[in-house]
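A.B. asks: Here's the letter readout for the chains.
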Amino acid sequence: MTDIDSWLRSNTFHHSQFWDLKRLVEEKEKQGLILSLCIPTLNEEKTIGKELVLFKSELVDRYPLLDEIAVIDSGSTDRTLEVAAAFGADVYRSTDILPDMGSRRGKGENLWKAIYQLRGDIIVYVDADIKNIHPRFAYGLIAPLIYRPEIKYVKAFYDRPLATSKGTRPLGGGRVTEILVRPLFSLFFPELTALVQPLSGEYAVRRELLERLPFPIGYGVETSHLIDTYSEWGLEAIAQTDLDSRVHRNQPTRDLGKMAFGILHAFFTRLHKHDILSSLPELTSMLRQFQTRDNEYQQVLFEIREEERRPMIEVPAYREKRGIVD
Amino acid sequence: MQSNPGLHKFVSRLPSALEGHREIILANLVMIGEIPAPTFHEQARIDFLQQRFTESGLHNVGSDEVGNAAAVLPGTEGHRNILVSAHADTPFSAATEHTLSLYPERVIGPGIADNSLGLSMIATLPMLLEFLDIRLRSNLILMGASRSLGRGDLAGLRFFLANSSVPITAGLSIEGVQLGRLDYASQASVDAEITCRTGGGEGGQSSAVLVLNHVIQRLCELVRTQDLVLGSIEGGTAFKTPARSAALRIELQQDSNEKLSALITDIDAIVEDVAAHSGAQVRFEVIARSNAGGLDPQHPLVEQARSILTSLGVEPIQGCYSTAASCFNDQGIPGLVIGVTKGHHLNQPDEEIEIEPVFRGIAQLIGVLMAIDGGCCD
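From first to last, the protein sequence lines stand for chains A and B. Quick note: to get the working numbering, add 12 to the position in the first sequence (first position is 1). Quick note: to get the working numbering, add 6 to the position in the second sequence (first position is 1).
Rather than coming from a laboratory, the hints here were simulated on the basis of the structure. For every residue, glycine included, the Cβ atom is placed at its ideal position computed from N, Cα and C. Possibly wrong hints are sitting among the right ones.
[What the hints assert, rightly or not] So the derived list for chain B, only partly shown, Cβ under 10 angstroms to chain A, looks like this: (1) GLU29; (2) MET37; (3) GLU40; (4) SER107.
Assemble the whole structure, with the sequences as input and the hints as a guide.
C.D. replies: Here you go:
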């Protein structure tokens, strides 16, 4: 197993490390890379315009990092497509891409079809519902891939480690991450618990990896990506970048339930694929959570012993007391 | 570019050229607009502006002791110094959700018109001049002004003008709205607060709201409607408890400093009288004050600005007063306040600006700069 603390030091970044966009563009050009930004949408008229203007202004016009900005839409009924086209994005309807392959409903479908439609050697996916959008949401994820050839998949997480210089703060994801995904990872893929927010919708990936990944079309896409990338290429191929805060709309509990269901589906599919279900290993008692201390990311191990007592009726003393005979 | 027909022809072509740079313009607007900047807490916006100044290769990038950010785009000759400023603060608290929404035709969000758009012009102007290959002979001083609104009392702009290390030939103050305004003078005006404290119904004392009501009635009898703005009022805590405290914020205007001073004396007397009759503590405090004065309507700067607006198909708005104009006038500097676009719901959370007129607003700004650069204020 990779030393998680070592990985946290070497493969966890903060976007501010990549502030020098001029240098980043020079390095990209030296490597001859083509970079694509993909924004999957479904009724995002309120936020899509702002995202496109910022990315185009800062990462196309001012610093030519992105070669392509595409919106792939799942069938919006509001002005999403009109707004996106007005602000210069390449706009695609998901149903129009690979039409012979049929159409599925779900964000993963858009992400998958983007691999076919877009030109990039690296594709960075950014959700369309980010209220506090900033160019860092793209360059913070792209930069580790440009500077570190061995990294193939960079995931976003959101915190403010520079806001406090001393002390310890808990670090983590949303409700579904903390009550479902992290416990599952702790049990079956402990190293993946090092991903602070495994469900974040922003990540940058090399084409050579993307084209080899199966894509659940629904809520399980992020979880399955991590498991599959980890299983095939190891934790060294994965990195994560702190993008500071992310403001987005809150999801109602009912929707979180749907998300959890989709994640569980993808998760158990992978347990089956890796033959973990039929030869279930001994379950660990260590839950892995995370914190920051003095601007460093650390794992925190909690031992949670979930021992089981046998049914009381099997306890001799109980049987004797209750006068139960065979 | 010194002859008016040539300038007007050039300026009339600018809006279409500027539309090609829409993303740069809107991106700076969004990034600035989403940084909260209540008066006295503009530092984050000022930092962003300085970063933009540095990226644009401006000279003398820095901030002063009152929190202004300023930088210089050197002119080819540098015989004149033209100041373009915009206030960085907004009337919204840092706790207000500052997320903006951007549509093809408009931008919505708190402070977008007053004055995120104006400040974004300061950040964007160097790049636009470069794109348009416009090189001024004069030095262009770009300044984001701190502490303007309310208790700020235009402190940032006043400080800069009073302490500038170079003589300023002319000054422009940029406001987000409304396109067509040409404020070249200032009435004598004060922003003031009248506060009231009572026993809240105990000991036979009235509600503070009722006491303020007496003050308002007396003010309305004393001051002409057009010279008094009853801006905001607040007080009390519950339905059934008489208010212990209340505050009224007003603006007063007069056409001379002497008349305004006399009016303030009269209001002091009203406040004392109401306090004596009600038994409440009533206090009148001047928060901000501007002197009367400014340019003549026939001043070449005003006439040039008016004709530039007309050449862009914009009807100049009637009315010429702005407190910022008094800052320039106090220092003997020809100064104008101009607007960039049309806006709605000013100072409301759903404040809105129209995008299409922005290009004419910027063309106007560049046209006026070129007129000053051509010597209209010499």
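A.B. asks: Under 10 angstroms, Cβ to Cβ, is where GLU40 (chain B) needs to be relative to chain A, so tell me if that hint holds or is violated.
C.D. replies: 6 angstroms, holds
A.B. asks: Holds or violated: is there a CB of chain A closer than 10 angstroms to the CB of SER107 (chain B)?
C.D. replies: 5 angstroms, holds
A.B. asks: Answer holds if the nearest beta-carbon of chain A is closer than 10 angstroms to that of GLU29 (chain B); otherwise answer violated.
C.D. replies: Because about 4 angstroms separates GLU29 (chain B) from the closest Cβ in chain A, which is inside the 10 angstroms limit, the hint holds.
A.B. asks: Next item in the hint list is MET37 (chain B). Is there a CB on chain A closer than 10 angstroms to its CB?
C.D. replies: 7 angstroms, holds
Violation of the numbered hints given earlier is absent; every hint is satisfied by the structure.
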